[in-house]
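These two chains come separately, so use the hints to put the complex back together.
Here the protein sequences come in this chain order: A and B.
Quick note on numbering: the numbering used here labels position 80 of the first sequence as 80, and the sequence is numbered without any gaps.
Quick note on numbering: the numbering used here labels position 89 of the second sequence as 89, and the sequence is numbered without any gaps.
Because the hints were derived from the structure by calculation, they are not lab data.
Careful, some of the hints might be misleading.
To be verified - A short, non-exhaustive set of chain A residues, derived as facing chain B with CB atoms under 7 Å:
(1) PRO46
(2) ALA64
(3) VAL68
What the hints assert, rightly or not - Between beta-carbon pairs, the in silico distance windows are:
(4) ALA178/A - SER134/B: 24 to 30 Å
(5) TYR177/B - THR125/A: 57 to 63 Å
(6) GLY205/A - LEU225/B: 40 to 46 Å
(7) THR52/A - SER42/B: 29 to 35 Å
(8) ALA105/B - ASP6/A: 23 to 29 Å
(9) ASN2/A - LEU171/B: 50 to 56 Å
(10) LEU32/B - ALA128/A: 24 to 30 Å
Just so it is clear, CB atoms sit at the ideal spot from N, CA and C, and this is done for glycine as well.
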Amino acid sequence: MNIVLDNFDAYLAGMIDTIVLTLVSFALAFVVGTIVAGFRVSPVPPLRAVGTAYVTIVRNTPLAVSMVLFWFGLLPALGISLSRFWAGIIVLTTYTASFVAEAVRAGINSVAVGQAEAGRSLGLTFPATLGQIILPQAMRTVVQPLGSIFIALIKNSALVTIISLPNLTKTGEAIGTATVQFFPALLGAGVAYLLLTLPSGAAVGWIERKVAFRR
Amino acid sequence: MTAPVLADALGPRGRRQARVASVVASAVIVGLVILFVLRLQSKGQFESELWKPFTLWAQWKFFLGGLVVTLKVAALAMTLSIVLGTLLALGRLARSFAVRLPAIAFVEFFRGLPLYVLILFCGYGLVEVGIEISKFQALVLGLTLYNSAILGEVFRAGILSLDRGQTEAALAVGLGYWQSMLLVVVPQAFRRMIPAIVSQLVTLLKDTSLGFVILVEDLLRRAQLAGGFFGNELQSVLVAAVMYIIVNYSISRVARRLEIRQRRRYKAGAIQVTGVEDLAIVGAQAEAAQIQATDRE
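Excised from the complex, chain B in its bound form (with noise of 0.2 Å):
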């Protein structure tokens, strides 16, 4: 489809129109990309030398190894902030205020603050009140500390977008509070927001980056000692954002799929989703938006 988003399709002049302006931005953009080639050209950026360490399999065995710790870090610390978080959730949602409170303190506190300062205070802070954890530890707790704050939250939107008649029914047949919210409620909340979820995978992904400041060795780090090592950091860490750019752009399609499934499924049903910094959800919800709106026609 190549009409544009904003209104129907094009007439004569502005198809012309358009036609100039595609051929003017992409003679620029052309330009741009020869110019900046050219330049990299010239500091010699292209030599065989640099990019020679890459034609050896102990290279990549190097990165891969890098991005199997990354991958670690990111299915532990979303396994962890998935319990951590449906917790919360149902703390902040509890009658009970003694419950309420530090569920709203906790969410309140790690969501406010910035991952590097947690990470480097779980891999440096931490010991120093004897609490003796190994680095890649103290990753992934910073990560799910973060990311269980904001599932937590993405949880409690969840559950609050379903029908209160579900709620009355559980306890109209006879279940408990907490019954009717664990076999009931909670169930059918995760399967709504599961493409939130799958999303929100994709910025813990992209954070477990930071645990090179803690120096744990994921992608980024090696990335980085492989480019000390040969003299070669632009080469190196290009190549870890394009594992990186692989890795989370596959995610983000599955995301995307699924959110669009889900929106066909409850069309009415919008879920907002509120505290969630990776905006994949607002860009799938705009697509989404946008099928619907050619469906209908």
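So here's chain A without its partners, still in its complex pose (with noise of 0.2 Å):
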């Protein structure tokens, strides 16, 4: 045990960097993926088609396949140059953004339809419509999975370590290297991402009671 309490510093820095690359990425997935569940039920068929097929291919390859496709193969074959942290939010931000346009897919099919026919009556249009009446509707009981979303992307954070980009799992992986103590040093880390899984999940608990509906 002795490692991780001699190397205190670093699983602090790396856990510092964990909670930025979360926060970062999930904040711009919930944008992009608020962006593709409007694509899916706007009127436009080739938006619907883009929203699905973004969806779909996402969704079902593997995060660790998309860091090392676009890391190793994609960046450089286009001969572009990119920070390993943007890089990285990238990819976080496009795997977690198509969980979020699913959730908030099924928050918006949640409303009610009169909702969508009152606001179509008033004269408002699409984009009116969804932004200023459903999706804020909806938002309450997406809630519950954006909070799994969000927990789950702590978690796949980790996966930036393909990449060499500093984060909590890396400084474990680091630290069980230099030290050829791998043992203790990943159950440092695996220690340090329950303290901010745990909270994280009480804290979902605690705004999904709050905003329930009470029925």
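In structure tokens:
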């Protein structure tokens, strides 16, 4: 256990890196995912096709594969130089957004059809109906799935280790390699993750109860 | 059905707007695709040299061999997770606190860890405390620990979703607690949970690709090896990605079908599936709800 305490600062830094990665990609994924969900329910067929294709392709590709494909395949092939941080953010965002899109779409479908009809009767356009009437009501039911997506993202952010971007897992791995004591080093990282995921789970539960419909 | 999801069919003005938007959107999409392709072209990514390995049977054999490893890992881990998950669910619902506590601790612990850390731990950490397992076994172990925690929660939800009358009836005819659980409750709950289990299989199958971090020769690892050997990383990993997509898409279609069928069968008995990260279920729920809504009309 000593090596964990000796490297306490490194673990703390790793934790902060993981938190930053998670928050930035979650914020972006929320925006992208909502837009994709909007595409999927829009009356414009090409947009619907793009939305469906995006969700189907991204959701069925393992995150590790996307990470390798983007960093070791696509970026060199296109001759684009991008920092590891932004590459990691882009892959995590793309992946997470597909789940957000599904959650938001389910939320949209949970809103009674009459709401959209009422919006249209008032003369609102499709984007206005969606943005001002449907989505605000949909968000309540979306809180719970979004919460599990957020927690999954904390864990999924570990995969940026594949592209050598600093994060909690990389810290654990690096300390394990340096000391040749993977057992305590990874256990330390694991405990640090639990310090992030367990409170997040509790927070999500709390928010969920706050916004729940009274039935 | 081309009517928009949000409301009834559009009027003449709405149709006109939708048509204009379609044309503009198509133009933008096609433009972006052309730009992307031209960029790849200018970087020589369509050179036949880079794609040539895929004309060889040996290359395909190498990839398919990787896919077999991936499927084998997924099948093994899934089977073990279902068994362990059932035990965990029963443990968590047990009346004795001494049984409940370890089950809760197990689930909360392994659910909160990234699989990446868990697999590294099984692959490199366990050897240090004298547990000698192969990398393949380490991968299966890591996946099983994680997925049994998730499936345990799914089963628990399934058992709880069952009408209390089932347990009461079982107890009334003189069965003991465990008998009523194993003979009456679990089989019914399991049946209800089949769609959730199948869609968790997709998540599990995707997660097997993490085996490449401990150098298990699965599809991703082999694609990387081939890419390094022929200098065509993009093409190799792309082919692997397509293979993953085909397999996963097929499984998630099955999951969706099953889910919709279940919905029809148990109409009101909507299952609250908690703890499942993969939202294939939520998507399926939405679609099923939609189908029900259209049925009613």
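Against the structure, the hints:
For PRO46/A, the suggested interface contact is upheld, since its CB lies about 4 Å from the closest CB of chain B, less than 7 Å. Because the closest C-beta pair between ALA64/A and chain B is about 4 Å apart, less than 7 Å, the hint holds. Hint on VAL68/A holds. Least Cβ distance to chain B is approximately 5 Å, under the 7 Å limit. Between ALA178/A and SER134/B, the C-beta spacing of about 25 Å keeps the proposed range 24 to 30 Å intact.
With their beta carbons about 59 Å apart, TYR177/B and THR125/A fall inside the hinted range of 57 to 63 Å. A beta carbon spacing of about 44 Å between GLY205/A and LEU225/B agrees with the range 40 to 46 Å that was offered as a hint. Hint check: THR52/A to SER42/B, Cβ distance near 30 Å, so the stated range 29 to 35 Å holds. Range check, ALA105/B to ASP6/A: about 28 Å between beta-carbon atoms, so the 23 to 29 Å window is met.
With their beta carbons about 53 Å apart, ASN2/A and LEU171/B fall inside the hinted range of 50 to 56 Å. Range check, LEU32/B to ALA128/A: Cβ separation about 26 Å, and the 24 to 30 Å hint holds.
When each numbered hint is compared with the structure, no violation occurs for any of them.
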